[in-house]
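Heads up: the sequence lines are chains A and B, in that order.
Quick note: the working numbering has the first sequence finishing at residue 1120, numbered continuously throughout.
Quick note: the working numbering has the second sequence finishing at residue 654, numbered continuously throughout.
Hints are computed from structural coordinates only; laboratory data are not their basis.
Do not rely on the hints blindly, as some may be mistaken.
Computed, partial: chain A to chain B, Cβ under 8 Å [stated by the list, open to error]:
(1) Q856
(2) L936
(3) P955
(4) L957
(5) I968
(6) L994
(7) M1017
(8) I1072
All values derive from a computational prediction rather than experimental measurement.
Beta carbons are placed, not taken as given, at the ideal position from N, Cα and C, and that holds for glycine.
Each chain, letter by letter, is given below.
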Amino acid sequence: MAHIAEQADQAREPSIAVGSKQPGWRFLSSRAALYLIVAVVVLVQFFPIIWSVLTSLMSPAETTSIPATLLPAHPSLTNYQQALTSDIGGFKIGQFYLNSVIVSTVSTIVTMFLAMLAAYAFARLNFRFKSQILLIVLALSLFPPLAQLIPILRILILSKTILGIQLFGTIGALIVPYSVLGLPLAILILIAFFQEIPKDLEEAAMIDGMSRFQAFLRVILPLTIPGFFTTAIIVFVGNWNEYLFALNYTTTSSYTLPVGIVTISQSEYVTNFGILTAATVMAVVPLVVLILLLERRIVSGLTAGAVKG
Amino acid sequence: MQATFAPTDEVRESTGMSGAALPPGRRGPLARREERLAFAMLTPVLLALFALGLYPAITTVWYSLQSGGYQGINTSYAGFANYIRLFHDPLFWSSLRFSLLFSIITVSGQMILGTALALFANAKFPGRWVLRAAILFPWAIPTATNSVIWAYMFNYQYGLFNSILIHLHVITPATTINWLGGTTSATVLIYIIAIWKANSLVALLVLAGLQSIPDEIYEAARVDGATYFQTLWRVTLPLLRPTLIVALIVRIIESLQAFDIISAFTNGSPGTSTQNLGLYIYSEISNGDFGYSSTIATVVMVLTVAFIFFYLRTLTRSASAR
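Just need the whole structure built from these sequences, with the hints factored in.
This is the structure:
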């Protein structure tokens, strides 16, 4: 079936080489040249992770052979098992993985809840100082965390003496700032998604006797579910990959995966390359699966938020 | 353009329409109820953004006027002493120089390669989703772990690149290159990784810009007999200008804040030759000197806020131009 569909596609776009939209691509009109470039680009983009996967399947001896080998002679999943279960010089990658999952998930949920309310207000409601408040949100979406790092660290340290809550060195020390860190971007992306929904819908709902808030809850929210999940994934990726706060606000027991991997790589014996690459692959694979599934939506979401890396 | 400038539309709409229809104070009960709902929905966000966004930023400036103590405890007001120290600190100047050079070089590379990738991914051919996924991928891989992988690939004993050179008989196992040990090679590698990592962000923005250019414009160019490169230079790129400017400013802002990419790769070594402002802030935090690290952080903030203002002006201006 897929084959037939592809043929139909080609029938609709007879000039394979790009020419249908832009003139002059004829110099690329041979399929071979086109796909050769695609292959090179794909290889360059995916190379570090392909190489990580290969290394993660190697034995310790292979990862430190001189000169290095590219392909594992006897591929095995031992490194993955070891990464998840064993204690590597006092570091437990399994624990880091769990920390990352909890921190990223909880803060994404908090961010999304807050951002949804604000984005709806920006997209649909009229109120005073709207453009000024929105400009502040826009400015904060690009604001350097480096300039927020130290006072937040102070708050985390002082929370013990003032509030009696131990935050520093717990995963709470990350959940609180992460929930706010992703807010501006999430709001901007969600505004774009809310704006895609025709205004008539909630007007109709309000004529039917719903309040504005009820219309938001029952009519608009269900329609934004795809946009909601796209935004949530973008926010989640940001939290999952965050390093600066994670490095400064955690201790060994509350390390997230990136901090754990970097710390081990900078403090441990080189013989742990297999385990480190296994941990890296496990850090990346869930995201890659999500992205491959939702590539088109994520692209539109990222561009709506003017993209923050 | 629609997708790229979503916030802009909002700015325009809110400046043009809201409030203007009815002067404040003379709004009907419905409008007042709407405003109450709006602020009820916004309050949690505004409180959060103030407490963990604006307040820390202002406090950073305040800390930069303090000295002494450890981790911000037992400090005393010191006026501009930290700034005077900064001015005479060669390590600050070398870090600033690294940050600026890093931004100029990597952002240039990202703009050129990102735009090229986007032009290519915008072409229509079967299977182009593979290319789009490939563009998206470097964004998703954690910057810090990515740097660890690259550091291993360039490891002077066990690294892949040295062994490729050995197989090509460029070097022998006895004369392997210590990539991360040399200032020049480490710096160049940092540039390459940073360009590789953030190409995609430029490409995504440009791709959205390209898709908003109507086909008729290309048709017209073709009827006029323009070649591909003439069309690119005279039509496509000028139309992409607003998108390219936004991408450029956003990338500069992000590059000035770079931390994890270098921290996990060389951690500033050899010596302090690859240390940028972010790494310097971190090392002063580790020393417990919150005053001086806040001073450097204030410099980063001033640099980026200047570009943020520029960014906001570009956005609001392109909105009012329409």
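How the hints compare with the structure:
Among the interface hints, the one on Q856 (chain A) holds; its C-beta lies about 4 Å from the nearest C-beta in chain B, closer than the 8 Å criterion. For L936 (chain A), the suggested interface contact is upheld, since its CB lies about 4 Å from the closest CB of chain B, less than 8 Å. Taking 8 Å as the C-beta cut-off, the interface hint given for P955 (chain A) holds, the closest approach to chain B being about 4 Å. With 8 Å as the threshold, the beta carbon of L957 (chain A) comes within range of chain B, its nearest partner Cβ sitting at about 5 Å, so the hint holds.
Proximity of I968 (chain A) to chain B holds as hinted, the smallest CB-CB distance being about 6 Å (cut-off 8 Å). Taking 8 Å as the C-beta cut-off, the interface hint given for L994 (chain A) holds, the closest approach to chain B being about 6 Å. Checking M1017 (chain A) against chain B: minimum C-beta separation of about 10 Å lies over 8 Å; hint violated. With a cut of 8 Å, the hint placing I1072 (chain A) at the interface with chain B holds, because the nearest CB-to-CB distance is about 5 Å.
Going down the numbered hints, you'll see the structure goes against just number 7.
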